[in-house]
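Quick mapping for you: the protein sequence lines, in order, are chains A and B. With the first letter of the first sequence counted as 1, position 108 gets the number 383 in this note's numbering; the numbers rise by one all the way through. With the first letter of the second sequence counted as 1, position 97 gets the number 213 in this note's numbering; the numbers rise by one all the way through.
Bear in mind the hints are in silico, worked out from the structure with no lab data behind them. Treat the hints loosely; a few may be bogus.
Claimed, not checked - Covered stretches of chain A, going by a simulated chain B footprint (3 or more residues, C-beta under 8 Å):
(1) 300 to 313
(2) 317 to 323
(3) 326 to 338
(4) 372 to 385
No residue lacks a Cβ here, since even glycine has one placed at the ideal position from N, Cα and C.
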Amino acid sequence: EDQVTQSPEALRLQEGESSSLNCSYTVSGLRGLFWYRQDPGKGPEFLFTLYSAGEEKEKERLKATITKKESFLHITAPKPEDSATYLCAVASSGSARQLTFGSGTQLTVLP
Amino acid sequence: DAGVTQSPTHLIKTRGQQVTLRCSPKSGHDTVSWYQQALGQGPQFIFQYYEEEERQRGNFPDRFSGHQFPNYSSELNVNALLLGDSALYLCASSLSGIAGDTQYFGPGTRLTVL
Numbered sequence: 276e277d278q279v280t281q282s283p284e285a286l287r288l289q290e291g292e293s294s295s296l297n298c299s300y301t302v303s304g305l306r307g308l309f310w311y312r313q314d315p316g317k318g319p320e321f322l323f324t325l326y327s328a329g330e331e332k333e334k335e336r337l338k339a340t341i342t343k344k345e346s347f348l349h350i351t352a353p354k355p356e357d358s359a360t361y362l363c364a365v366a367s368s369g370s371a372r373q374l375t376f377g378s379g380t381q382l383t384v385l386p
Numbered sequence: 117d118a119g120v121t122q123s124p125t126h127l128i129k130t131r132g133q134q135v136t137l138r139c140s141p142k143s144g145h146d147t148v149s150w151y152q153q154a155l156g157q158g159p160q161f162i163f164q165y166y167e168e169e170e171r172q173r174g175n176f177p178d179r180f181s182g183h184q185f186p187n188y189s190s191e192l193n194v195n196a197l198l199l200g201d202s203a204l205y206l207c208a209s210s211l212s213g214i215a216g217d218t219q220y221f222g223p224g225t226r227l228t229v230l
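So that you can see chain A by itself, here it is in the shape it has in the complex (with noise of 0.2 Å):
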């Protein structure tokens, strides 16, 4: 069964202060890894998506990497409207054509 671990639960950080969140991961053969934001009460909009181990997405102050076991999404400079709760999701040979979401990190940056 594919497993995915997302940490912190809830993080807080000062406008400009980088940080990194990240998504731990457990699949029978991994066929994509996918980022999203999500905002209260809306949808989750899409982010990235990864394939294979060392691979790396950028876009504006986010950009993900993925390992074999994990992937990480580094927040550089953030500003407050980058408060959301970001959600990674992994799609395995076992059940390819479902995503199997952890439970998301939220982020809440300060002015």
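Use these hints to put chain B onto chain A, whose structure you have.
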């Protein structure tokens, strides 16, 4: 380019009733997946529809059923509602449900069961 749309936005039902939620996929997508998200949790996979058939199902009872129409839009039906069915219901679309393909989510329908 229209994204994934869902209706209604909010819905209030009582225990034992039945509900139908609707979803239109992103332009160019032909696969629709449904997820249930409880407060403070990640989304849980309900099922996926492709070519008007249920292709994969998560650990949800038969009270949850769905349908996909020729225009790729989809419905989620829940019968005999329980208090525990209160959640945000999310629809996601993708292209042909290719394993590892990115799924794009709609805004969700907030269902409250009283």
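Hint-by-hint comparison with the structure:
Residue count for the region 300 to 313 of chain A with a Cβ under 8 Å from a Cβ of chain B: 4. That meets the three needed, and the coverage hint holds. For the region 317 to 323 of chain A, the assignment as covered by chain B holds, since 5 residues bring a beta-carbon within under 8 Å of that chain's beta-carbons and 3 suffice. Look at the region 326 to 338 of chain A against chain B: 1 of its residues bring a Cβ nearer than 8 Å to a Cβ of that chain, fewer than three, so the hint is violated. Only residues whose C-beta sits within less than 8 Å of a C-beta in chain B count toward coverage, and the region 372 to 385 of chain A has 8 of them, enough to reach three; the restraint holds.
Comparing the model with each numbered hint stated earlier shows that hint 3 is the single one that does not hold.
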